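Number of protein chains: 2
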Amino acid sequence: MSASDDKVEEMPVLYSYWRSSCSWRVRIALNLKEIPYDIKAVSLIKGGGEQHCNEYREVNPMEQVPSLCIDGHTLVESLSIMHYLEETRPQRPLMPQDCMKRAKVREICEVISSGIQPLQNLIVLIYVGEEKKKEWAQHWITRGFRAVEKLLSASAGKYCVGDEITLADCCLVPQVFNARRFHVDLRPFPIILRIDRELENHPAFRAAHPSAQPDCPPEVAK
Amino acid sequence: MSASDDKVEEMPVLYSYWRSSCSWRVRIALNLKEIPYDIKAVSLIKGGGEQHCNEYREVNPMEQVPSLCIDGHTLVESLSIMHYLEETRPQRPLMPQDCMKRAKVREICEVISSGIQPLQNLIVLIYVGEEKKKEWAQHWITRGFRAVEKLLSASAGKYCVGDEITLADCCLVPQVFNARRFHVDLRPFPIILRIDRELENHPAFRAAHPSAQPDCPPEVAK
Chain A
1 MSASDDKVEE
11 MPVLYSYWRS
21 SCSWRVRIAL
31 NLKEIPYDIK
41 AVSLIKGGGE
51 QHCNEYREVN
61 PMEQVPSLCI
71 DGHTLVESLS
81 IMHYLEETRP
91 QRPLMPQDCM
101 KRAKVREICE
111 VISSGIQPLQ
121 NLIVLIYVGE
131 EKKKEWAQHW
141 ITRGFRAVEK
151 LLSASAGKYC
161 VGDEITLADC
171 CLVPQVFNAR
181 RFHVDLRPFP
191 IILRIDRELE
201 NHPAFRAAHP
211 SAQPDCPPEV
221 AK
Chain B
1 MSASDDKVEE
11 MPVLYSYWRS
21 SCSWRVRIAL
31 NLKEIPYDIK
41 AVSLIKGGGE
51 QHCNEYREVN
61 PMEQVPSLCI
71 DGHTLVESLS
81 IMHYLEETRP
91 QRPLMPQDCM
101 KRAKVREICE
111 VISSGIQPLQ
121 NLIVLIYVGE
131 EKKKEWAQHW
141 ITRGFRAVEK
151 LLSASAGKYC
161 VGDEITLADC
171 CLVPQVFNAR
181 RFHVDLRPFP
191 IILRIDRELE
201 NHPAFRAAHP
211 SAQPDCPPEV
221 AK
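Protein chains in written order, with UniProt numbering: chain A, 1 to 222; chain B, 1 to 222.
There's no promise every hint is true.
Repeated chains share a single entry, so a pair holds when one copy, or any two copies, can fit it.
Said to hold, decoys possible - With a cut-off of at most 35 Å between alpha-carbon atoms, the simulated DSBU-like pairs for lysine-lysine come out as follows: (1) 132 with 101; (2) 40 with 134; (3) 33 with 132; (4) 101 with 46; (5) 158 with 46; (6) 150 with 40; (7) 46 with 150; (8) 46 with 33; (9) 134 with 150; (10) 132 with 40.
The set of hints was computed from the structure by calculation and includes no laboratory data.
Model, not experiment: these values are computed from the prediction.
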């Protein structure tokens, strides 16, 4: 048996929290590409947040989920992870071939990942304070969704960009869930709502849903 | 003369504000790739911000700079723009060939573009309020730079990832400038400081600097 035969392809490990929208994005991408993976749950709540413990800080210096151990390396930042999967696992492409369409996918991903999510994530809301956090989150989600809806009015087909599921859809669905958590009025965003409905029963999206996660509290799980 | 001869390749137009770190990222990338471009200045200050006027909202639904008109389309979101340039103008590559190194570049870009910049940009600071804004900005920049420094300790050569300039460097230098604006103590970040020093006299970075922009107020311009 040669040394190379010894090497067993290790299963990727996703550090994930059931309700984290950034973890959820990556779970959808892994599921769509049918990449088997193990989950290591990191509770963002327990004991002030397991993401801040020394052991996890070595995994992810931003002290956030997700992180993905894959191909002998640890990757952080959900969009970076998804693009790595796209480049190394080309099955079931999540990016269009056309450069301008690729740019349109990235625009929607970026508006959500830079323009909305960072302003309503847990650590920022803790800093904003209990009293103001709902109004704060609503403000930034509404502002961002106005832009997303406008971008979608030019790019959407059945999904965010054309008729194939892309990384933009992996970002959109978890952000809609967060919008509902913060009771954002979604009626001004008919295209967002239509795409969300289109995807809610897709098997890859269903399996990635917070309520289907091993660390989802039993009282919340469906 | 045929119809196609009539078509003149139009010069790209960058909607930019001299001090906007996201505009600056794109200016660096355009300069490194030696792509000539025109600047349309959008003042984020004048009259409550020209980015909020109806005309500009049609250009950029997030009401932010930069936007780039290129190849007959308008692109928004700095990282999306830079990746489009990289995919369509392969001269002077700003991404490594190796997929894992590409992921490392994207990680640094994302920590800055999602984890730092959105929390200290002008519109958020207005919302946070005059009294608290300095401490708020310092808090998030310091937190993000701790992560960037850790990532760089594994990835950096002469620049952020290895010895070639990448998109990560295009994001880092403007963020260091913002850190200084908010009087962040940068002494805990020796690798960030070294790379910033390495790049400050690079012609493409110098030409992209706020003080070299046509809309920089004369009292600030060098």
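Checked hints:
When the C-alpha separation of residue 132 and residue 101 is checked against a cutoff of 35 Å, the pair qualifies neither within a copy, at 38 Å, nor between copies, at 41 Å. When the C-alpha separation of residue 40 and residue 134 is checked against a cutoff of 35 Å, the pair qualifies only within one copy, where the shortest distance is 29 Å, while the shortest distance between copies is 37 Å. For the homomeric pair residue 33 and residue 132, neither the shortest alpha-carbon distance inside one copy (40 Å) nor that between copies (45 Å) is at most 35 Å. In the homo-oligomer, the alpha carbons of residue 101 and residue 46 lie at most 35 Å apart only across protomers (34 Å), although the nearest pairing inside one protomer, at 41 Å, exceeds that limit.
In this assembly of identical chains, the alpha carbons of residue 158 and residue 46 never lie at most 35 Å apart, being 40 Å within a copy and 40 Å across copies at closest. Taking the shortest Cα distances, residue 150 and residue 40 sit within 35 Å of each other only across copies (22 Å), while inside one copy they are farther apart (37 Å). With identical chains, the CA atoms of residue 46 and residue 150 are at most 35 Å apart between copies only, with a shortest distance of 25 Å across copies and 39 Å within one. For the identical chains of this complex, residue 46 and residue 33 are intra-copy neighbours only, at 31 Å inside a copy versus 48 Å across copies, given an alpha-carbon limit of 35 Å.
In this homomeric assembly, residue 134 and residue 150 come within 35 Å of each other (Cα to Cα) both inside a single copy, at 24 Å, and across copies, at 33 Å. For a Cα distance limit of 35 Å, the shortest separation of residue 132 from residue 40 inside one copy, 32 Å, qualifies, whereas the shortest one across copies, 37 Å, does not.
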